[in-house]
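Protein chains in written order, with our numbering: chain H, 196 to 381; chain W, 196 to 381.
Away from chain W, derived, C-beta distances all over 12 Å, residues of chain H:
#1 G248
#2 D274
#3 A278
#4 P279
#5 Q284
#6 G292
#7 S294
#8 A296
#9 S297
#10 W298
#11 E321
#12 S326
#13 Q329
#14 Q345
For lysine-lysine, the following DSS-like pairs were computed, each having C-alpha atoms within a straight-line distance of at most 25 Å:
#15 W:K272 x H:K215
#16 H:K215 x W:K215
#17 W:K272 x H:K201
#18 W:K218 x H:K272
#19 H:K374 x W:K374
#20 H:K201 x H:K218
#21 W:K218 x W:K272
#22 H:K272 x W:K215
#23 H:K215 x W:K201
#24 H:K201 x H:K215
#25 W:K272 x H:K218
#26 W:K201 x W:K215
#27 W:K215 x H:K201
#28 H:K272 x H:K218
#29 H:K272 x H:K215
#30 H:K218 x W:K218
#31 W:K272 x W:K215
#32 W:K201 x W:K218
#33 W:K218 x H:K215
#34 W:K201 x H:K272
#35 W:K215 x H:K218
Hint data in this document are derived by calculation from the structure and do not stem from the laboratory. Glycine is no exception: its CB is placed at the ideal position from the N, C-alpha and C atoms.
Single-letter residue listing:
Protein chains: 2
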Amino acid sequence: MELFEKELSSELVYQGSFLKVYKDRVALPDEHISTREYIQHPGAVAILALTAGGELILERQYRYPARCVFIEIPAGKIDAGEAPLSTAQRELLEETGYSAASWTYLGSAHPCIAYSDEMISYYVAEDLTFSARQLDEGEFLEVFTQPVEQVLAMALTGEICDSKSIVGLHWLAAYLAGKMPVVNSR
Amino acid sequence: MELFEKELSSELVYQGSFLKVYKDRVALPDEHISTREYIQHPGAVAILALTAGGELILERQYRYPARCVFIEIPAGKIDAGEAPLSTAQRELLEETGYSAASWTYLGSAHPCIAYSDEMISYYVAEDLTFSARQLDEGEFLEVFTQPVEQVLAMALTGEICDSKSIVGLHWLAAYLAGKMPVVNSR
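Only chain H is shown next, with the shape it has when bound in the complex (with noise of 0.2 Å):
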C-alpha cells in the first residue's frame, strides 16, 4: 500500500515566542489534495543519570499546559548548531548540577508524531560529580534521587505519566539488564 504524502507547498501559519506551526498542503496516496499541520521543532535530549548508588536522578516541574506538576527526568531544547550530545552535557549540568564522564546513547523516539516533528535523543550519564546548578531564568524546578526499582515502579503506577520519561525508563531498564543494543555515541 502506497502512503507516502507529498508535499505541495508549506506555510508557517503561527510563528510565536516559543512555537512555530507550520500548515503544508499534501497530496495524499489518493492523489487527494490535503492539509497537514504541525509543529516545527528543533529536537531535544532526555538523560537517565544515574548515581553510584543506584538511584536516578529525577525533577519535579510543573507544566502549564496540563497545569500540574510532572516528575520527570531532566531533558531540554537542542540549540540551533548544537549536537545532542552537548545538549544533554549542557542540560544535565544546568538542571541538576551534575556532570557525568561517561555517556552512552540509547536511542531516539518521537513523542508526539500526529501534530510535531519533535524528535527526543535518550543518554545514559554515568560517573557523577555534582558542582552547582544553574537554572535559567524563569526556570523553576525540584531535582530529587530516587533508587532505580523505586523510579520503574512509579513508572507503572501512574506516578511517572510523562511519556518522554516512561520511554527512557523503559530503555534504561533494557540497558541495565544488558539487553539494550546499544551504539556509544552519536
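Position chain W relative to chain H; hints supplied.
Leaving out everything else, chain W in the frame of chain H:
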C-alpha cells in the same frame, strides 16, 4: 519549592483545521510575568490489541511532520463528549476492523508536556473478532500483526520509535508479566 504558575490571561492565537494554539500570560513562582504557548488537544486513546495467538495488532502509517512511515499501535483522538473507552472501541474497529470482547484500562500518559495538554489513555483489547475496517476519508494505513516478543524487541532497536507506542508496550509487558496495577475501566 513553589512550582505553580498562575494564569493571568489566555488567548487563542492560532485556530487551524486541526491545531488550536493558545498563548497565556502567567505569573511565575517568583512573581515575574512570562508567557506559555501550547496546543490544546481533546485527548486520545491507544490500544494494545492482542490476538488469541499472542500477536499484537500494529499499523504502518506515514506521519507527515517527521516525513516518514512509523510502526504504531492503533490510536485516535477523542471526539467531543466521547468516553475514552468508546473512542478506543471505535478507533480499533475503524482502523483495523477488529472488535474486542475484553477491555482493560492500563493507564494514561502525557506525550508532550512542554507544549501540549494532550493525554493518552491506554487499553488492552482481547478476545478479538474481525469484521471489516472503515477508514476515515483521507486516512491511509497498513495493518499487520506480529508476535508480542518480537514487537517488544522492535521497541529497543529503533524499529518502533513512536513514543506513544513504546509507552504502551512498556505497560503491556508489565501487564503480561502480572506486574501492572490494573484498574478495569475508565
